Structures are given as structure tokens and as C-alpha cells.
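Position one of the sequence shown corresponds to residue 1 (full-length UniProt numbering), numbered consecutively onward.
Worth flagging that the hints you see were computed from the coordinates, not collected in a lab. Please read all numbers here as calculations on a predicted model, not as lab measurements. Think of the CB as a built atom: it goes at the ideal place given N, C-alpha and C, for glycine as much as any other residue. Careful: at least some of the hints might be erroneous.
As the list claims (entries may be wrong) - No more than 30 Å apart at the CA atoms, straight line, and that leaves these computed lysine-lysine pairs for DSS-like: (1) LYS48 / LYS60; (2) LYS129 / LYS60; (3) LYS426 / LYS406.
Said to hold, decoys possible - So the derived label-pair ranges between C-beta atoms look like this: (4) ARG380 / LYS257: 22 to 30 Å; (5) PRO345 / LEU435: 49 to 57 Å; (6) CYS303 / LYS465: 52 to 60 Å; (7) GLU54 / ASN155: 54 to 62 Å; (8) LYS146 / ARG88: 18 to 26 Å; (9) ARG380 / LEU435: 15 to 23 Å; (10) VAL56 / ASP268: 41 to 49 Å; (11) GLU411 / GLU464: 45 to 53 Å; (12) PHE376 / ALA415: 26 to 34 Å; (13) LYS257 / LYS368: 29 to 37 Å; (14) VAL131 / GLU411: 54 to 62 Å; (15) ASN43 / MET347: 40 to 48 Å; (16) PRO345 / ASN128: 35 to 43 Å; (17) PRO345 / HIS295: 16 to 24 Å.
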Amino acid sequence: MTSSVPSDVVGRRILCDTEYATVRYAGSVPPTTGLWLGVEWDNPQRGKHNGNHEGVQYFKCDHPTGGSFIRPNKANFGVDFLIAVKNRYGLNVEQDVERETENALVIGKKTVELVGFDSVIEQQSQLNKLVDISVRECAVSHAGQKEEISRTCPNIRSINLSKNLLPSWEKVTDIACQVQNLESLDLSENKIKFPSDSASITCTLSKLRVLALNRTGITWAEVLLCAPGWPALEELYLASNDITVLERPINVLQTLKLLDLSNNQLIDGSQLHLIAYLPRLEQLILSNTGISSIHFPDVGFGCKTKMFPLLQRLVVDDNKILQWSFINELDKLQCLQSLHCQNNPLMGTEKNPETVRQLIIAKIGQLKFLNKSEIFPDERKGAELDYRKMFGNDWIMAGGNQNPDKNRPNEEFLAAHPRYQLLCLKYGAPEEGELKRQQPFILKNQLLTLTIKCPDKPDQKPIEKKLPDSMTIQKVKGLLYRLLKIPGSELKLSYESSKVFNPRQRKKRALALFSKKTIISYLLFCLVQFYSDIPLESHTISIIEYPKTGNDNGVKDSEVHTDNVVFRKH
1 MTSSVPSDVV GRRILCDTEY ATVRYAGSVP PTTGLWLGVE WDNPQRGKHN
51 GNHEGVQYFK CDHPTGGSFI RPNKANFGVD FLIAVKNRYG LNVEQDVERE
101 TENALVIGKK TVELVGFDSV IEQQSQLNKL VDISVRECAV SHAGQKEEIS
151 RTCPNIRSIN LSKNLLPSWE KVTDIACQVQ NLESLDLSEN KIKFPSDSAS
201 ITCTLSKLRV LALNRTGITW AEVLLCAPGW PALEELYLAS NDITVLERPI
251 NVLQTLKLLD LSNNQLIDGS QLHLIAYLPR LEQLILSNTG ISSIHFPDVG
301 FGCKTKMFPL LQRLVVDDNK ILQWSFINEL DKLQCLQSLH CQNNPLMGTE
351 KNPETVRQLI IAKIGQLKFL NKSEIFPDER KGAELDYRKM FGNDWIMAGG
401 NQNPDKNRPN EEFLAAHPRY QLLCLKYGAP EEGELKRQQP FILKNQLLTL
451 TIKCPDKPDQ KPIEKKLPDS MTIQKVKGLL YRLLKIPGSE LKLSYESSKV
501 FNPRQRKKRA LALFSKKTII SYLLFCLVQF YSDIPLESHT ISIIEYPKTG
551 NDNGVKDSEV HTDNVVFRKH
């Protein structure tokens, strides 16, 4: 190898222009002369072949166009950690701007006065005081001289090493193990080779609480292999790694509070059972994992599962969830308070998205946040009452009954609506009147039939009229005046009703807003009040109570009598 090429070049990560690659081959490529590097690009569109040149396979790539040959002088092999830190934190300011004086910068043709810039540089340049360090995209490839980091930056607690040139977990620990108080480490977007056996793991990051390994190519088996080196880990980010969970964590990850598995194609919800007993897990992120179902088989509906015992927040955005059974199962979780489930087929099952929100709230009793929006007590109450009414007829058809002794809905209904019985206990069973389905808005469905007759003239044929239920009392009285030619002042009324109606209601109220038992008596009260200039109190009004008849409710059909007119409601 030439002096410009590292001896361990194969396997090294490089940067060429703005593209990242891994060296897979170093040597000659006949018939050309000189040294070539065979590289596999992170972006396969950058390559030309799969490592084969003129019939000779020099190396292999995962993608058929992922490979190329480049000259060594085109490859940037990176820098050590401290050089990157010094470049980032102001020790090499002249690389970016030209100093004209100590307190001015020349940028192009303009001079900019810097106020307090020296103090900022001085503070940042004191590496021993740095606590949070970010060297993202600084081409860091290795630690540098042994123990130099611990001597230079003894107070570091957080390092962002994302998108660099770190080739292996060994190179990572060469840096991290020099930082005694390291609590947070971001290694995302580094193509890292992880250990294949526990003997390769020689460093324990005893204070590490947050670790990000997004887009690093790590597998679940490698996670479990490295996990003993993270005994205090609380947050683990593993997004976009094609991870499939195939093994239950035993004696590792027991302190974990947050696990991000988003953008990994788990597909099968049963894989979650393998991580369901992490004792401290509070947040689980499963966005875009292909998940469509979930089941906690250890308990039935209405009971709380022992799985995910402390889980408070679940994120399942951008998945294939279509069935309400998924939501029903979530009510089994003991501590679930926050759910994110946007961009799932389930969210489009109702015409109004707010209806879907209400259904989810009603189905998960302890939920406090849905899709980042807080659920206030009034919203919960409204959602649960609407849910109780919406499925009330299904409940009755399945065997539900207001009488507790007869209330035995079938298993199919209980499986589809596990909380329905609980809501009936909370708010009372739905009454029959609540559950009547509203008919389509067709004029014939909105008409009330009124029969008008004169008791003093038995030979006179009764008059029957169909009136819209939206017709106001004021318009009805005008109709009666035209039909009967009787001044309102001459009306003397008696009536019967299941209950006395308040005669002082507003005259513009619609017929549809009154119960069937009180519409007619109200009509006649209004006729007296509006047709006569005499105050209502001046009229003699008798309320006749008839004996109970043999009908179910003990109340005779609502019938109203006057000296001249009888209204009967059908």
C-alpha cells in the first residue's frame, strides 16, 4: 500500500465528493496500472456494476449497480475525533472566514464587526469545558491517540457522531470509552460493522442512557449481543435497520424506557410478544412497521394484560391497521395514556374523521392523548355517550337488556365492543327512545297526521290533515282559523294528556321538538293564548284524567277536546 492509503483500507468507510462508500477491494485492475479501490456506494445509483470487471469478480455488492473503482486520491478516509471537534468548535476559524482585525471579519467585500465573538471562540475553544458535542458529518473515522480524548474533553456528557466514517463498533468504543460520564450517543447513519460474538465486546458504557443507532444496519441479534455494554440504557433508537425481532431479551435492556423500531418491517404483531416483558418500557414507537394486528392472549376482554406493564405511549402511525379489534386490544394495556395512529386504513372507515376519534376514545378507557391532542373530560363523556347510543340497537339484538337479570349480550358483540357493558354501568343502559334510528329526510317521513272534528256536530265529517313536523305553532293556528272559521276568543278548552304541558312556551317552536304525548295539548294552549286578547289565566281550563286502560303504558292515546274541535294524534 502507498503511504496515502491505510494498511487496513478494506472495510474502511470513505467520503468521495459528497457520497459515502465502503472499501471492498484494494489492488490492481488489469489491464490498467496502479492502485484501485473497489468501493460499494451507500447510494447504489452512484455505482456502475456489482464488483465485476471484464469477467473478473473483484468484490461483491448488495445491489447490482452499487460498485465502482476509484483512485485512492479521490477517497477521504476521515479524521480523528479531536481534530473534528477542534474544526467544529472554532479553533480553525480561518478556514471559513478571513480575519481582518481581531474584532472584524471580511466576508466577500463587506467588513462585519464582531461583538463578543472572541469570547465565544474562547469559550468554545476550551475543550475541557465542553459538555454537549456535535460533530455530525465531520468525517470522523477513529479516536486518535489513546486517552487523548479523556484528557482534552473530560466533561463530555453527550456526543452526536451521526453520519461520519466510523467503520466498526470497535472504533466507536475507542471514542466512547474515553468519556467516563457519557450519557447520550448518536451514531445514526454510520454503516457500522457490529461484533459477531461477545468476546469482541471489551467496553462497558456504564452511564449511557440514550443511544441512537438509526440507519446503521444493526440486527436484533447484534443489539442483544452489544446490550450488556449498556447496563443503564433508557432510550434506544433503532429506526430504519430492517430489524426483525426473533429473540426475547433476557437479562439485557431491563432498564429501557423508550424503544424506537420505526421503519423496520416487523409485519407480524406477535413479534411484539418477545419485547412485551421489558419491565420498565414506557414508550414504544412502531411507525411504518407494516403492523396490522396485535393480540394479548394472556387475558380476555375487560381484563388487563401483564404484557407491557408500564407502557404509556404507543406510536403506530403509517401502518396497515384496518380492524377495530386492534384498538380493542389496546384497552387491555394497564397504563396506556397516549396513542398515535395516523395514516392507517382504519382512520378512513368513517366519513367524518372526528367519528373515528370518538370511537377510539370510547374504546380505550384510560387514554388521555390521541394523535398529540389532549382528551378532556367533556370530550370523553361525549364520545362514550355517542358510542353507547350508536351501538345500542346492536346491543339489544345481541341480547342486551335494561333489566340486569336479562342482560346477556352474546360473545360476538362483547368481542366487538368490550367496553359497552362498562359504559352501560357508567351512564345507564340506553332507553328505547334513544335508539330509534332517524329516518331519511324525505317529506313523507316528516309529516304528522292530525284529525279535526266537532263533538257538537257528530254528522260533520272529520277533517284529516298531514302537516310537516317543522311547522311552527303560529302557522298551525292560522290553518285552523281558515278551516274552522272560529275566532280564537270563543274557544273553551278541556284536554287530556299524560302530563301537563307548560303553556308559556315560545310560539315559534316546531312540532318535531315536542313529544308525541304533548304536541296536541300544547297546540290548543297556544290557540287560546294567541287568538284571544284575554290573558290565559282568565280562561277556564279543565284537565280531565281518564282511568288507566289496558295498553302497556297505562296512558290513553293523547286526545284533546274543545267545545268545537277535537285533535287526535296518530
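Outcome of the hint check:
{"no.": "1", "hint": "LYS48 / LYS60", "in the structure": "12 Å, holds"}
{"no.": "2", "hint": "LYS129 / LYS60", "in the structure": "46 Å, violated"}
{"no.": "3", "hint": "LYS426 / LYS406", "in the structure": "18 Å, holds"}
{"no.": "4", "hint": "ARG380 / LYS257: 22 to 30 Å", "in the structure": "27 Å, holds"}
{"no.": "5", "hint": "PRO345 / LEU435: 49 to 57 Å", "in the structure": "29 Å, violated"}
{"no.": "6", "hint": "CYS303 / LYS465: 52 to 60 Å", "in the structure": "59 Å, holds"}
{"no.": "7", "hint": "GLU54 / ASN155: 54 to 62 Å", "in the structure": "56 Å, holds"}
{"no.": "8", "hint": "LYS146 / ARG88: 18 to 26 Å", "in the structure": "22 Å, holds"}
{"no.": "9", "hint": "ARG380 / LEU435: 15 to 23 Å", "in the structure": "22 Å, holds"}
{"no.": "10", "hint": "VAL56 / ASP268: 41 to 49 Å", "in the structure": "42 Å, holds"}
{"no.": "11", "hint": "GLU411 / GLU464: 45 to 53 Å", "in the structure": "50 Å, holds"}
{"no.": "12", "hint": "PHE376 / ALA415: 26 to 34 Å", "in the structure": "30 Å, holds"}
{"no.": "13", "hint": "LYS257 / LYS368: 29 to 37 Å", "in the structure": "18 Å, violated"}
{"no.": "14", "hint": "VAL131 / GLU411: 54 to 62 Å", "in the structure": "59 Å, holds"}
{"no.": "15", "hint": "ASN43 / MET347: 40 to 48 Å", "in the structure": "34 Å, violated"}
{"no.": "16", "hint": "PRO345 / ASN128: 35 to 43 Å", "in the structure": "55 Å, violated"}
{"no.": "17", "hint": "PRO345 / HIS295: 16 to 24 Å", "in the structure": "18 Å, holds"}
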